[in-house]
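S.K.: According to the UniProt record's numbering, the sequence shown is numbered sequentially starting from 1.
The hints are simulated quantities; they were obtained by calculation from the structure and are not laboratory data.
Do not rely on the hints blindly, as some may be mistaken.
[To be verified] The list that follows gives simulated cross-link-like pairs (lysine to aspartate or glutamate, DMTMM-like), each with its CA atoms no further than 20 Å apart:
id, residue 1, residue 2
1, 132, 69
2, 32, 68
3, 32, 17
4, 32, 115
5, 140, 105
6, 132, 105
7, 83, 157
8, 32, 56
9, 140, 91
10, 14, 68
[What the hints assert, rightly or not] Beta-carbon label-pair distances, calculated as ranges:
id, residue 1, residue 2, range
11, 201, 170, 25 to 31 Å
12, 132, 165, 16 to 22 Å
13, 4, 36, 37 to 43 Å
14, 165, 51, 43 to 49 Å
15, 135, 8, 18 to 24 Å
16, 17, 214, 24 to 30 Å
17, 165, 216, 20 to 26 Å
18, 44, 89, 21 to 27 Å
19, 48, 208, 34 to 40 Å
20, 143, 91, 22 to 28 Å
21, 88, 201, 32 to 38 Å
22, 69, 44, 46 to 52 Å
23, 201, 146, 31 to 37 Å
24, 130, 214, 29 to 35 Å
Nothing here was measured: the structure is a model prediction, and the numbers come from that model.
The C-beta atom is built at its ideal place from N, Cα and C for all residues, glycine as well.
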Amino acid sequence: MDTVATIHSTTGCKRFDHPECEIRVSNPAIPKVDITWLLGFIESYIASGTRLNIGETMQIGWMLVRIEEGRAGALRLTEPDMKSFPVNFVDSVDRTLVHLRNQNDVVRSLSPAIDPHFPSLRQSAVVHVNYKHAASVSLKRKVVEGVSSGWVITDTEDSAGLRDPARLLTTSLYQLGLDRPELIKFFALPPMVEVSIDNRRTRVCGPNGEISLIPGSYLSELNRRMIQGGS
């Protein structure tokens with residue numbers, strides 16, 4: 001049975017002589033609080049004096065949503081389908097909200113606390129030639145410069161490749177997300193942070209060594225399930 005989609009709308013944009021904005025949600029696992037947050041974010045965006053126009057894009061987390069015509073003069077937010085390249089926008093915000101929730105939960109898993117640093121899917125990443133299939137990977141974020149997200153993805157089982165620039169290539173962060181969707185949740189970690197992932201455990205390190213995971217947090221629970229699944 002197909003999941004029934006629900007349409008949600010802002011209510012405060014008309015106070016600023018601006019069309020209301022609609023979002024379509026199909027994933028029943030998305031918390032209502034996240035939907036409410038997004039509607040409030042849009043209203044605050046309009047209240048700041050910014051106008052949304054059909055065909056334009058705006059960034060929410062790492063995602064870009066595109067503004068389309070909605071019902072009865074309203075505007076509708078659409079998002080990349082995360083399946084095709086070039087980007088194909090679809091009538092939904094499910095992926096935007098899921099990615100935002102997961103990325104924030106990863107950052108909030110760390111102690112001491114740090115702030116998220118959202119890249120844009122338009123930015124680039126440096127990846128190992130075997131990044132699509134590598135079982136053990138390292139994600140290290142350098143300083144963000146221009147179109148670069150700062151992310152460098154390496155295959156930790158290819159020790160020679162770590163010293164060979166010819167085994168690294170540049171791709172878009174969006175393409176990386178298409179090929180390795182399980183890595184998207186780490187994209188909002190700030191520069192100077194490194195994530196090491198193997199079949200049993202995820203470790204996060206900063207300039208001063210390994211960063212502790214808060215017990216019961218999102219990342220801590222992911223690690224626990226991975227360990228239990230491999231035992």
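S.K.: Okay, which hints does this one fail, numbers in order?
M.R.: Those not satisfied are hints 1, 2, 3, 4, 6, 7, 8, 9, 13, 15, 16, 17, 20, 22.
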